[in-house]
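Colleague: The residues making up each chain are set out below.
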Amino acid sequence: MRDYIVLDNVGFDYVSQRGRVAALQDAGMTIGRGDSVAIVGPSGCGKSTVLKLIAGLLSPSAGEVRVGGGEVRGPLTNVGMAFQNPLLLPWRTVADNVLLPFELLPGSHGSRRELAERAQGLLEKVGLRDFGNKYPWELSGGMQQRVSLCRALVHNPEILLLDEPFGSLDAFTRETLWLATQDLWTARDCTLVLVTHDIREAVFLSNTVFVMSPRPGRIVYSEHVNFPRPRMLAACYTERFGEIFRSIRRHVGGEEVVDL
Amino acid sequence: MRTTILGPLLALLAVIVAWEAVVSALRLPPQVLPGPSLVLTTLWMARAPILEHSAVTLLRTLVGFGLGIVVGVGLGLAIGYWRIVNAALSPLVTAFYCLPKAAVVPIFLLWVGLGTRPAVLTSLSIAFFPILVNVVTGLSTIDPDLADLFRSFGGRKRQIFWKVGLPGSLPYFFASLRVAGPSALVGVVIAEMLAASNGLGYVMLLAGSNFNMGLMFAVVLMMAALGGLTYVACAYADRKFAWWAYRAK
Amino acid sequence: MGWRRLSTAQRDTIGRLLPPLVAVAIVVVGWEFATQVARVPALLLPDLRDVASTLWESRQSILGHALVTLQRTAVGLAVGIIVGVSLGLAVGYSAIIYAAIYPLLTAFYCIPKQALVPIFVVWVGFGTPPAIITAVITAFFPVMVNVATGVSTINPDLADLLKSFGGSKKQIFLKVGIPTSLPYFFSSLRVSGISALIGVVVSEMIASREGVGYMVLMAGVEFRTPLLFAYVVTSALLGIAIYALFTVADRRLAWWAYRGNR
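Protein chains in written order, with my numbering: chain C, 1 to 260; chain X, 261 to 509; chain L, 510 to 771.
FYI, nobody ran anything at the bench for these hints, they're computed from the structure.
Just to be clear, a hint being listed does not mean it is correct.
Pairs of lysine to any residue residues, derived as SDA-like cross-links and limited to a Cα-Cα distance of at most 25 Å, are as follows [as the list claims (entries may be wrong)]: (1) Lys-134/C with Leu-184/C; (2) Lys-417/X with Asp-8/C; (3) Lys-423/X with Ala-435/X; (4) Lys-52/C with Leu-406/X; (5) Lys-423/X with Leu-89/C; (6) Lys-417/X with Leu-184/C; (7) Lys-423/X with Leu-76/C.
Chain X stretches covered by chain C per the calculated footprint, using a threshold of three residues with CB under 8 Å from any CB of chain C [said to hold, decoys possible]: (8) 389 to 400; (9) 419 to 427.
A few chain X residues that don't get close to chain C, going by computed Cβ distances all over 10 Å [what the hints assert, rightly or not]: (10) Ala-274; (11) Leu-335; (12) Met-482; (13) Trp-504.
Note that beta-carbon positions come from the ideal geometry of N, C-alpha and C, so glycine has one too.
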């Protein structure tokens with residue numbers, strides 16, 4: 001489905017003590033089902049707002065957000081989210097943290113054992129096989145973020161929304177997690193929307209990179225990334241990668257601004 | 261474990277020794293400062309009645325403390341969950357905090373009589389406050405992104421409250437007990453000094469009117485013991501039930 | 510109605526003031542109901558208007574006693590602050606002093622300070638002196654703890670940085686430790702002030718012939734309930750005044766600590 005997620009001339013205003021601030025204005029984008037896209041842009045341009053609009057956590061002040069053909073009117077139940085802060089509950093084990101969505105989503109989802117196996121399967125896939133019984137503070141930042149990713153996928157969502165998930169990690173851990181994310185996405189039939197300020201990350205993980213303008217944000221540029229899957233880290237150092245990178249970089253900060 | 265006990269023990273010993281030395285060297289009369297020997301002798305000779313009165317005070321403290329927990333947690337949860345309750349009650353609770361509870365003891369006396377009841381009432385009205393404040397604070401420290409995460413999984417406000425707010429506020433609750441416990445004792449003692457015919461507070465007042473310094477200091481010692489017991493028990497509960505909060509830091 | 514014509518700020522203020530006013534109104538209505546309709550005896554709950562008229566008629570003597578209490582509280586608080594700050598700085602500066610004193614302090618904390626009033630009476634007599642001493646004893650503790658905490662919670666990286674610039678321990682203490690402890694200090698003043706007031710009131714109830722505490726006790730003993738309630742209200746007003754005073758002072762003088770959080 002080519003227009004699985006659609007932002008149609010969306011505007012969003014934040015209301016604060018000082019009045020209204022337009023975070024998004026005339027923002028439009030179309031994302032195909034099963035695709036992997038990234039949104040990059042300068043700080044404060046409204047990237048996170050786009051994710052929350054797609055998830056139905058916010059309602060647009062103008063325009064429409066559609067998912068799967070229907071307008072989004074409230075929190076969707078087929079999304080998984082992860083943020084920069086892993087936000088694990090410190091009083092629960094890793095496994096119990098991963099299983100959290102099942103306690104919240106309406107309806108029954110299977111027996112305890114089935115669910116536990118599902119969680120364990122995900123943890124194995126990200127290299128945390130023996131950590132199910134540990135507590136979050138026993139894990140490093142990168143490991144906690146991997147748990148957060150597992151939690152976002154345990155209920156087989158159709159859409160995976162990642163909001164700067166690797167922002168607080170060092171460069172080496174980040175690269176490991178790019179590969180883990182790619183593995184998880186490839187193994188599932190879900191649509192990935194990644195928000196990041198790291199253009200390399202965006203190019204590595206996605207098929208389309210959208211560039212947002214500074215506030216009030218709208219999409220000013222998009223670039224297709226045609227590298228074959230599965231992608232290796234080595235791809236980041238090829239000439240072609242550098243071209244795509246520069247092409248995108250030129251547009252960050254407004255219309256074609258940076259002279260590279 | 262050994263070192264944490266040894267330090268305070270040595271310090272205590274040092275204080276006792278210095279105290280005795282000062283009293284003997286300056287030949288201070290008991291009215292000015294009774295030496296540890298006099299205090300301990302008085303304590304020993306009057307141990308039966310002192311223990312009896314201590315038991316009364318302890319019982320009242322425990323009841324007042326328990327009720328203070330119920331009220332503090334109950335009100336705290338209500339204030340933390342419903343914003344309108346917060347808006348309506350917070351100023352009133354603050355005003356109640358500003359009121360010296362000792363001044364309310366005569367009113368309690370008129371309402372419920374002498375002895376245990378006003379003591380428990382006073383104790384509860386002092387002890388509930390730190391618990392209330394901490395529970396409310398604990399409930400309000402929910403990361404907004406976490407709240408969004410919950411909503412994205414279809415979680416309602418009630419679920420966020422139960423699954424994140426309550427467990428998250430446990431460390432705050434237990435931390436407040438360390439303050440509330442001794443406060444409960446203070447409430448009981450004040451009430452006993454004004455409106456009771458038994459209990460350590462009453463004995464204190466009686467000893468004072470007889471200028472019996474040895475007995476007064478003995479009572480202080482017992483109060484310190486009761487207060488210390490309460491404090492240690494609360495610190496233990498804190499470490500046992502909210503250990504994960506300290507590790508997470 | 511005209512709701513939409515109000516500015517956000519005005520709506521905010523109404524939203525903040527209305528619920529507690531409604532709560533107070535409910536209390537007043539409940540009180541009137543109890544005294545007028547349910548006919549609760551005046552001995553237990555005086556008529557609201559009797560309390561009000563007593564407050565007005567006896568305002569001279571009420572003000573007199575309130576002033577006495579306030580003066581005692583102010584002196585006790587001032588001395589308590591000086592003691593608290595000095596001890597706090599000493600404890601925060603030296604880890605050795607801290608380790609030595611900490612267990613004693615905890616024991617001290619566990620003793621109900623107000624219970625020491627009879628001892629003070631034996632030492633210094635009736636009236637104002639024991640009240641002030643009780644106030645000092647109750648008030649210095651929170652100040653000391655907060656100042657010590659503030660002084661000793663200096664970021665270790667920052668300390669290293671200053672040392673690399675050649676700063677001595679004393680300089681770090683003066684230039685960073687003390688300013689860092691200011692917000693802690695101000696936030697402890699409020700608690701101290703209320704504690705000092707409580708100390709004075711208890712002392713007055715046991716060993717004084719003037720002051721709000723004494724009058725509360727007297728009115729209670731003589732079953733003069735409207736007067737009792739009038740003085741209880743007065744003591745609450747004193748507490749609220751102290752609380753408000755230090756809240757304002759805190760926000761004005763240590764505003765920079767709240768910059769990020771507002």
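Colleague: All hints are to be evaluated individually against the structure, with a verdict given for each.
Modeller: Hint-by-hint comparison with the structure:
{"no.": "1", "hint": "Lys-134/C with Leu-184/C", "verdict": "holds, 22 Å"}
{"no.": "2", "hint": "Lys-417/X with Asp-8/C", "verdict": "violated, 30 Å"}
{"no.": "3", "hint": "Lys-423/X with Ala-435/X", "verdict": "holds, 20 Å"}
{"no.": "4", "hint": "Lys-52/C with Leu-406/X", "verdict": "holds, 13 Å"}
{"no.": "5", "hint": "Lys-423/X with Leu-89/C", "verdict": "holds, 9 Å"}
{"no.": "6", "hint": "Lys-417/X with Leu-184/C", "verdict": "violated, 30 Å"}
{"no.": "7", "hint": "Lys-423/X with Leu-76/C", "verdict": "holds, 20 Å"}
{"no.": "8", "hint": "389 to 400", "verdict": "violated (count 0)"}
{"no.": "9", "hint": "419 to 427", "verdict": "holds (count 4)"}
{"no.": "10", "hint": "Ala-274", "verdict": "holds, 39 Å"}
{"no.": "11", "hint": "Leu-335", "verdict": "holds, 24 Å"}
{"no.": "12", "hint": "Met-482", "verdict": "holds, 38 Å"}
{"no.": "13", "hint": "Trp-504", "verdict": "violated, 5 Å"}
Hints 2, 6, 8, 13 from the list above are not met by this structure, while the remaining hints are.
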